[in-house]
Amino acid sequence: MIRLARLDEAGSLTALCRRSKAHWGYDDDFLRLAAPALLVDAEAIGERRVFVSVDREDRALGVARLDIEAPDVAELGLLFVDPPAMGLGVGTGLFVHVAAEARRRGCCRMTILADPFAAPFYERMGARYLRQAPSDAIPGRTLPLYHLDLTGPVAHEDHADVAAGAVASAPERHLDPEGGPSTT
Numbered sequence: 580m581i582r583l584a585r586l587d588e589a590g591s592l593t594a595l596c597r598r599s600k601a602h603w604g605y606d607d608d609f610l611r612l613a614a615p616a617l618l619v620d621a622e623a624i625g626e627r628r629v630f631v632s633v634d635r636e637d638r639a640l641g642v643a644r645l646d647i648e649a650p651d652v653a654e655l656g657l658l659f660v661d662p663p664a665m666g667l668g669v670g671t672g673l674f675v676h677v678a679a680e681a682r683r684r685g686c687c688r689m690t691i692l693a694d695p696f697a698a699p700f701y702e703r704m705g706a707r708y709l710r711q712a713p714s715d716a717i718p719g720r721t722l723p724l725y726h727l728d729l730t731g732p733v734a735h736e737d738h739a740d741v742a743a744g745a746v747a748s749a750p751e752r753h754l755d756p757e758g759g760p761s762t763t
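Residue numbers (this note's numbering): 580 to 763.
Since the hints were derived computationally from the structure, they do not count as laboratory data.
Note that the coordinates shown come from a computational prediction; the quantities given were computed from them, not determined experimentally.
Ideal Cβ placement from N, Cα and C applies to all residues, glycine included.
Certain hints may be false.
Taking CB as the label site, the calculated pair distances span [as the list claims (entries may be wrong)]:
1) 707 to 685: 18 to 28 Å
2) 695 to 615: 16 to 26 Å
3) 710 to 587: 31 to 41 Å
4) 720 to 635: 37 to 47 Å
5) 635 to 711: 34 to 44 Å
6) 648 to 731: 16 to 26 Å
7) 637 to 710: 36 to 46 Å
8) 610 to 713: 13 to 23 Å
9) 726 to 622: 23 to 33 Å
10) 635 to 709: 35 to 45 Å
My request is simple: use the sequences and hints to build the entire structure.
The structure is reproduced here in structure tokens:
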């Protein structure tokens, strides 16, 4: 299930982004430098550009932000899945949802500045690699830049509802109320 983020969730969603990034082995120094790129800000929430995948108890499993670069160009501002929810279709559901929202807002393409660990996911979703581009957070670092054509179907678009249902039916991998992994 995907819904709009609420203003009171900005801090907990930012913490989710940090946990997700840390999952890939980045150290504290790197995470400190990357902090601005991991921020879920109130302005984007207020503009209805932040989407949250939740379980049946409305606990956040993942978060994505849509940015509009130009009247017809969107950017996937961020997409993070909490580590206990990885592999359950949360990222796929959020990606498809953001692409559909970008299309609804009149965009015909979406750019994605990807973490190298996420690059295979974006390729599976139909994004096309363009080139290496400067990181939005780490000076001197380059990241893969992708392009997604929104004029046709997005990969897995027909399976997004199924993925969202799978997430909702997997309570044993949910998060506890403080946002950490559940011990059950």
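Each hint tested on the structure:
Between residue 707 and residue 685 the beta carbon distance is about 21 Å. The supplied range of 18 to 28 Å therefore holds. At roughly 19 Å, the beta carbons of residue 695 and residue 615 sit within the given window of 16 to 26 Å. In this structure the supplied range 31 to 41 Å holds for residue 710 paired with residue 587, their Cβ-Cβ distance being about 39 Å. Look at residue 720 against residue 635: about 39 Å separates their beta carbons, and that is inside 37 to 47 Å.
Restraint check, residue 635 to residue 711: a C-beta distance of roughly 41 Å satisfies the suggested window 34 to 44 Å. The hinted range of 16 to 26 Å is satisfied by residue 648 and residue 731, whose Cβ atoms lie roughly 20 Å apart. In this structure, residue 637 and residue 710 meet the distance hint of 36 to 46 Å, their C-beta atoms being roughly 40 Å apart. The hinted window of 13 to 23 Å between residue 610 and residue 713 holds, with their beta carbons roughly 19 Å apart.
A hinted range of 23 to 33 Å holds for the C-beta pair residue 726 and residue 622, which are about 26 Å apart. Between residue 635 and residue 709 the C-beta distance comes to about 39 Å, which sits within the given range of 35 to 45 Å.
The earlier numbered hints are all upheld by this structure, with none contradicted.
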